[in-house]
Amino acid sequence: MGVLLLVTIGWRNLWRNPRGTLLTALASGLGLTLLLVSLGLLDGSHEQLVANAVRFGSGHVVIQAQGYQETGSLSQLVPVRVVSTVGEFLRSETLKHGLRGLSPRLLASGLLSSAANSSGVSMMGVMPKEERAVSLIPQRIVDGKYLGDDDQSGVVIGAELARKLDVKIGAKVVLMTQGVKSPDTEATDTGEGEMQSTLLRVTGIFRTGIQSIDAHIIHVPLPEAQALVGLPRQVTQVAVLLEREGDSLTVARNLREQLAGLPVEVLPWRESMPTVAQSLLLDEVFNYVMNGVVLAMVGLGILNTILMRVLERRYEFGLCAALGLRPVQLAVMIIGESLALTTISLALGLVLGLTAQHYFATAGLDLRWFFKSSLPTALVFDPIIYSRLSAARIASSVGIVFLTATGISVYPALKAARTELPGALKVF
Amino acid sequence: MTEWAVELKDVKKIYRTGPIEVPALRGVSLKVAPGEFLAIAGPSGSGKTTLLNVMGGLDRADAGEVLVEGRNLQSLSSGDLARLRLQRLGFVFQAYNLLPVLTALENAEFTLLLQGVPAAERKDKVQKLFTEIGLANLEHRRPGELSGGQQQRVAVARAMVTEPALILADEPTANLDSASAAALLEVMEALNRAHNTTILYTTHDPQVMERARRLIRLRDGQIASDVTRIG
Chain A
1 MGVLLLVTIG WRNLWRNPRG TLLTALASGL GLTLLLVSLG LLDGSHEQLV
51 ANAVRFGSGH VVIQAQGYQE TGSLSQLVPV RVVSTVGEFL RSETLKHGLR
101 GLSPRLLASG LLSSAANSSG VSMMGVMPKE ERAVSLIPQR IVDGKYLGDD
151 DQSGVVIGAE LARKLDVKIG AKVVLMTQGV KSPDTEATDT GEGEMQSTLL
201 RVTGIFRTGI QSIDAHIIHV PLPEAQALVG LPRQVTQVAV LLEREGDSLT
251 VARNLREQLA GLPVEVLPWR ESMPTVAQSL LLDEVFNYVM NGVVLAMVGL
301 GILNTILMRV LERRYEFGLC AALGLRPVQL AVMIIGESLA LTTISLALGL
351 VLGLTAQHYF ATAGLDLRWF FKSSLPTALV FDPIIYSRLS AARIASSVGI
401 VFLTATGISV YPALKAARTE LPGALKVF
Chain B
1 MTEWAVELKD VKKIYRTGPI EVPALRGVSL KVAPGEFLAI AGPSGSGKTT
51 LLNVMGGLDR ADAGEVLVEG RNLQSLSSGD LARLRLQRLG FVFQAYNLLP
101 VLTALENAEF TLLLQGVPAA ERKDKVQKLF TEIGLANLEH RRPGELSGGQ
151 QQRVAVARAM VTEPALILAD EPTANLDSAS AAALLEVMEA LNRAHNTTIL
201 YTTHDPQVME RARRLIRLRD GQIASDVTRI G
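From first to last, the protein sequence lines are chains A and B.
First residue of the first sequence? That's 1 in our numbering, and the numbers climb one at a time after it.
First residue of the second sequence? That's 1 in our numbering, and the numbers climb one at a time after it.
In case anyone wonders, no lab produced these hints; they're calculated from the structure.
Treat the hints loosely; a few may be bogus.
[Said to hold, decoys possible] If we take Cβ atoms under 10 angstroms as the criterion, some of the chain A residues that face chain B in the derived model are: (1) L4; (2) I9; (3) R12; (4) N13; (5) Y315; (6) C320; (7) L323; (8) L325; (9) R326; (10) P327; (11) P422; (12) L425.
[Claimed, not checked] Partial list, derived from the structure: chain B residues whose beta carbon lies under 10 angstroms from chain A: (13) G56; (14) Q74; (15) S78; (16) L84; (17) L99; (18) E109; (19) L113; (20) L114; (21) P118.
Bear in mind that the values here come from a model prediction, so they are computed numbers and not experimental data.
Beta carbons are placed, not taken as given, at the ideal position from N, Cα and C, and that holds for glycine.
Required output: the full structure, derived from the provided sequences and hints.
Structure, rendered in structure tokens:
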């Protein structure tokens, strides 16, 4: 059929004007480069954001009392046996390799006071060993140390809170909170709704760089917290951290089946932290729109080049048609030319894109230039974004650019195929 | 019964631009036997190129019949016309005959390749023709590296190489100097004699007309004279 010759003609036609061809290929290649860099940083930032959000928040999966997500009421508690059931289930042979840790927590609001000042806080009663496996806060200690298993009256606070209260390691602080009557314990000393307080000693100060955490979150030993609010052996939630974020939905579904019949809700992070999920979605949508603009620019560049080449060679197509080349063969010739141009563009774009991706994956993109004072409080992310690009992302980006360019070359190809004889053969 | 290489029966062609009608052919009837070496002469606007286009299936007549080897071109689809041009016709145009990105050899074998002729056979046929018409050793040059006369000879080789029923050449010498024009005509004439290929060419150069064995003069879209020379 001579397809090889047609492609050869297309290829050689590209090099009739090497500078123009290379410039067009470079412009289109930069489109792919931008796409790869943009997607790499997007995926990398999302991966980091999720990794941080789950470790500063409620884990990949959280088990809490039915309705707690909506009310946030301290009186909605996880039944005691749930904690042991969840632990046994997740540590079973089939699941234990995917589990990084699980941490039972008791959450309450309170007022933390020092000799100098007072501040509203979110108290998190934790089991130090378990919390270390789940939360990032124990890793962000900048002064003192994190809670130990024998620290019955210790407290770990954020650097912002320490500054506000003007306290240092070893300082005494008083935590005041409202007591709750447990629904499944019998007698307690705590009357429902009464204010309770306890004296704590600051053992560690952490800094995450996130204002809302550094100024409000405090960690106290779980028994101390339970005693303070009058809920011995009770917790608000069990946070589960997995090895892979992608397993969140499956583990949540399995846990739901395991805990069926109990008054608890099992939520993957997208449901327990909807604002994070929504901000990711918004970011993705915006990024797709921007990528669409990049693709349109790539497409228009290729359309412009190929169309100009077709319009310039009307006589040549007329000659080919006169010699017996059928319209479909003329179209194949043009599509071949476009594919050759696209292939050069993709090669250039891949080399540049993967080089940039490698740089951002190793050195990262440092956002501290943009946020000189502090990071935004609404989002939880590291100031340095490391690009992450999967093979599937690269393949789909190349595929999208290839399909766009090929699709766009159809119009010039049709124009060439519609070359009319004998009009196209008129020289003068 | 004789099968004519080309037969035209009362062929008419009118060009229309809006309300303006320009008759290019006004009832041309003509029979060309296989192996003829025929020139069509006439002043500009006399209908020479239109006549060639109609005979070559590049344009359609508005009335009358155009038969190439007995096939009525008026009844063929565009695709069938393209196939007919590829299989049975050869063309040489005034200028810009060759694809600039292909070598002389590739240009000459272009139609053979479209016909699906194997590579070895293509090369063999083209090289024989190139030797015959003095293009040996120029196979790998691109058109830009050939003189105007050499380019036209490559175009003639491309037209000849498929062994067509008819070669149509529209003012093939118009852009050549007289020596190159004479050399080209010699080549065309030699091929006509050696292969008995029917060749029709248009010209308004008296010296080029002289070479034809049959000369048809057109005036205002009609045949003014049709003279066959003996010898």
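So, going through the hints one by one against the coordinates:
{"no.": "1", "hint": "L4", "in the structure": "holds (9 angstroms)"}
{"no.": "2", "hint": "I9", "in the structure": "holds (6 angstroms)"}
{"no.": "3", "hint": "R12", "in the structure": "holds (4 angstroms)"}
{"no.": "4", "hint": "N13", "in the structure": "holds (6 angstroms)"}
{"no.": "5", "hint": "Y315", "in the structure": "holds (6 angstroms)"}
{"no.": "6", "hint": "C320", "in the structure": "holds (7 angstroms)"}
{"no.": "7", "hint": "L323", "in the structure": "holds (6 angstroms)"}
{"no.": "8", "hint": "L325", "in the structure": "holds (6 angstroms)"}
{"no.": "9", "hint": "R326", "in the structure": "holds (5 angstroms)"}
{"no.": "10", "hint": "P327", "in the structure": "holds (8 angstroms)"}
{"no.": "11", "hint": "P422", "in the structure": "holds (4 angstroms)"}
{"no.": "12", "hint": "L425", "in the structure": "holds (7 angstroms)"}
{"no.": "13", "hint": "G56", "in the structure": "holds (7 angstroms)"}
{"no.": "14", "hint": "Q74", "in the structure": "violated (16 angstroms)"}
{"no.": "15", "hint": "S78", "in the structure": "holds (8 angstroms)"}
{"no.": "16", "hint": "L84", "in the structure": "holds (8 angstroms)"}
{"no.": "17", "hint": "L99", "in the structure": "holds (7 angstroms)"}
{"no.": "18", "hint": "E109", "in the structure": "holds (9 angstroms)"}
{"no.": "19", "hint": "L113", "in the structure": "holds (5 angstroms)"}
{"no.": "20", "hint": "L114", "in the structure": "holds (5 angstroms)"}
{"no.": "21", "hint": "P118", "in the structure": "violated (12 angstroms)"}
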